[in-house]
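2 protein chains.
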Amino acid sequence: MTCAVLCIGTELTRGELVNTNATWLASALTDLGFDVIENVVVDDEASRIAATLERLGRSVRVIVCTGGLGPTTDDLTTQAVASAIGVKTVRDEASLEAIRRRVEKAGRALTESLSSQADFPQGADILVNPVGTAPGFGVTVSGASAFFMPGVPREMQRMFEDQVVPRIRTLATRNAHQVRLRTYGLPESVVGERLAGVEESFPGVVIGYRAHFPEIEVKVLARAGSHEAARELCDRATTEVRARLSDVVYGDVDDTFAGIVGRVVRNKGLTLAIAESCTGGLVGHMITREPGASEFLLVDAVTYANSAKTRLLGIDEEVIRGHGAVSAEVAAAMAEGVRRVSEADVALSLTGIAGPGGGSAAKPIGTVFIAIATADGTTVTEKHFPGDRHQIQIAAAYAGLDLVRRACA
Amino acid sequence: MTCAVLCIGTELTRGELVNTNATWLASALTDLGFDVIENVVVDDEASRIAATLERLGRSVRVIVCTGGLGPTTDDLTTQAVASAIGVKTVRDEASLEAIRRRVEKAGRALTESLSSQADFPQGADILVNPVGTAPGFGVTVSGASAFFMPGVPREMQRMFEDQVVPRIRTLATRNAHQVRLRTYGLPESVVGERLAGVEESFPGVVIGYRAHFPEIEVKVLARAGSHEAARELCDRATTEVRARLSDVVYGDVDDTFAGIVGRVVRNKGLTLAIAESCTGGLVGHMITREPGASEFLLVDAVTYANSAKTRLLGIDEEVIRGHGAVSAEVAAAMAEGVRRVSEADVALSLTGIAGPGGGSAAKPIGTVFIAIATADGTTVTEKHFPGDRHQIQIAAAYAGLDLVRRACA
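Chains as they are written, first to last, in our numbering: chain V, 1 to 409; chain X, 1 to 409.
No lab work stands behind these hints: they were computed from the structure. Values in this document were obtained by computation on a predicted structure and should not be read as measured data.
No distinction is drawn between identical chains; accordingly, a pair holds when it is met within one copy or between any pair of copies.
Within a straight-line C-alpha distance of at most 25 Å, the following computed SDA-like cross-link-like pairs (lysine to any residue) qualify:
id : residue 1 : residue 2
1  : LYS268    : GLU336
2  : LYS363    : THR379
3  : LYS105    : GLU382
4  : LYS105    : THR381
5  : LYS268    : PHE257
6  : LYS105    : PRO364
7  : LYS219    : ARG154
8  : LYS105    : ARG210
9  : LYS219    : GLN79
10 : LYS219    : LEU114
11 : LYS219    : PRO153
Kindly produce the complete structure, drawing on both the sequences and the hints.
Structure, rendered in structure tokens:
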């Protein structure tokens, strides 16, 4: 069953506010089993509100709207709806009484502008507002069921869950099921190529992609005659997707890459130490953002200056002078040094050139040496990342965490 | 001059992602002087994309679109546009060459799916992408100028500023001017109370707020008969706003808090050392994300385990055992320890309980001790932050950086 979300307000069309209401409603409607085909924002202009409602009413079954129900002069939704469906507005006595009680309880007087919130298009289905003054309402526009709610997120969410959901639940067709997988290690185009033909092999399945640097999220959406059948189809297609991406899928939508790496370290009963230079604390931040990091992370020595590498990690000044701070030798010495001072089982180090300054022909911006030191010895990997300073830092941090994961696996 | 923003992607209609692109573009277009009357999101469905473009083209002069230009099967924008304007797609050799160079530089092969990003509707005005593989393009749809850009925010923003703005600037009626100020240190409601009456004192000025935890951005938008007059009005109102918020405004829209703190340290010719525990590297990451950090940051010792505090910073085990790792005494010892080993002028330390575990009645979750050590001695501040783990980490990092700024001022 198709539906649309309409948000009304010039503060939104001007970009003064991020439209989290649209995201919240679209997600809730999708979870209910609706197919949300359009989210629209229009400014506070009655003719545009009316025209948009008529247009949406012709193409979807349910329209969920927020905004423009308050007491001020820019709140035009009720009038616009009445004009769109060709009725007058009438004042509802029960709603007026509820507004009066609420206003008087707050020690204020009932003004005409507050009273006008009890006006509704004739014949509307009134939605009470237990947490604010402006009630909502439902009407039929161009054949679609349309529901109007205040724009305040707290009031809107409560009204949607308590009153709109019971009215639309039976219209939803839960014949879709989706699984979202998180991948790291391949660019989007290669992930897409790996999955070429999956949609054809599993009719009813649509594969979607979302890039969130440096990760690619893969979405497997299945539609079938029933929710049961959709879930079963989704499971089969997801098994195929996982098999084709087995080297890069690290978890599902609730996982983070650093969280998964941390879990691998902890589950092996190992401890971790880190020495960072170009990434400047980012690896430590990613690891410690997740709860439970204290169970395995001993230390992250961000030895930015050469003197810090010598003093904290005991690296021979001659090694730095001879090879440069960005070198395989210094990366190895950093990993070994932080492992020695912390007595950790596994140590990761990163040293590189994030830019915008500091590059050379021999070691251009984006050059990063990553070392892993364990009881079995030390290995150093040289990487070259494209992008700006922050992208190089993020790419290096992910590459370092990936090496930790492989070292502990 | 009217315009509309169109964002394409099923991840948006389903509410899997907050549509920050629409907000960014609407705000940028408003700043340019356009009247943004509608923001639309449609799913990855070619006929819907085409129908929406035709509809918008009939009612606005400029349409700015993002999304659906990538290499995967759900990227349908180019085909949909070609069908909307009744032309074929043709491959552009110069764009193909640029994609090839970019792909080969990253050590990958040019595949057909990547090459397809060089396909454009016949006659399109190509917008090069210096920071990604998918170029954008401009066409005329139902009489409106329509521009299509990738959905990746970084690529979209760069393409909009470098290439779309020069093409549409002359169409805008610039009778508005806006200044955006960044503040740290007061909640949104208090910032609003401080600015009560400013709009009344400067008719034509609208004050807007945007919370970006823990910062509040204040926008001063002025409209007048000409751009000159709007700028002059905006300047006068902004002077008043700055005066009322002088203790919390730290910079303008292009500044970051860590960047400003770093600039203060560097301009004084001082060096900085950090010792973090509960913030786990976040302070170092914030500082080193900005170019130039190597000029003043010597080290950030993320001493997560107690053993690391002892080994790297030389903190007496008895101090940790006697007062607990989260204590004023340990915070002071961490700051003094990292200052001693690094020989930095100023040292910052943070130790606290970010949760979700580890809290107690005496030291609940959110308790953070922050110390500053200089040649003049050591001061410790005890803070209690609300929120979840990540919010506590961010709030503590900001508070620590703010203390560094004040110590160096």
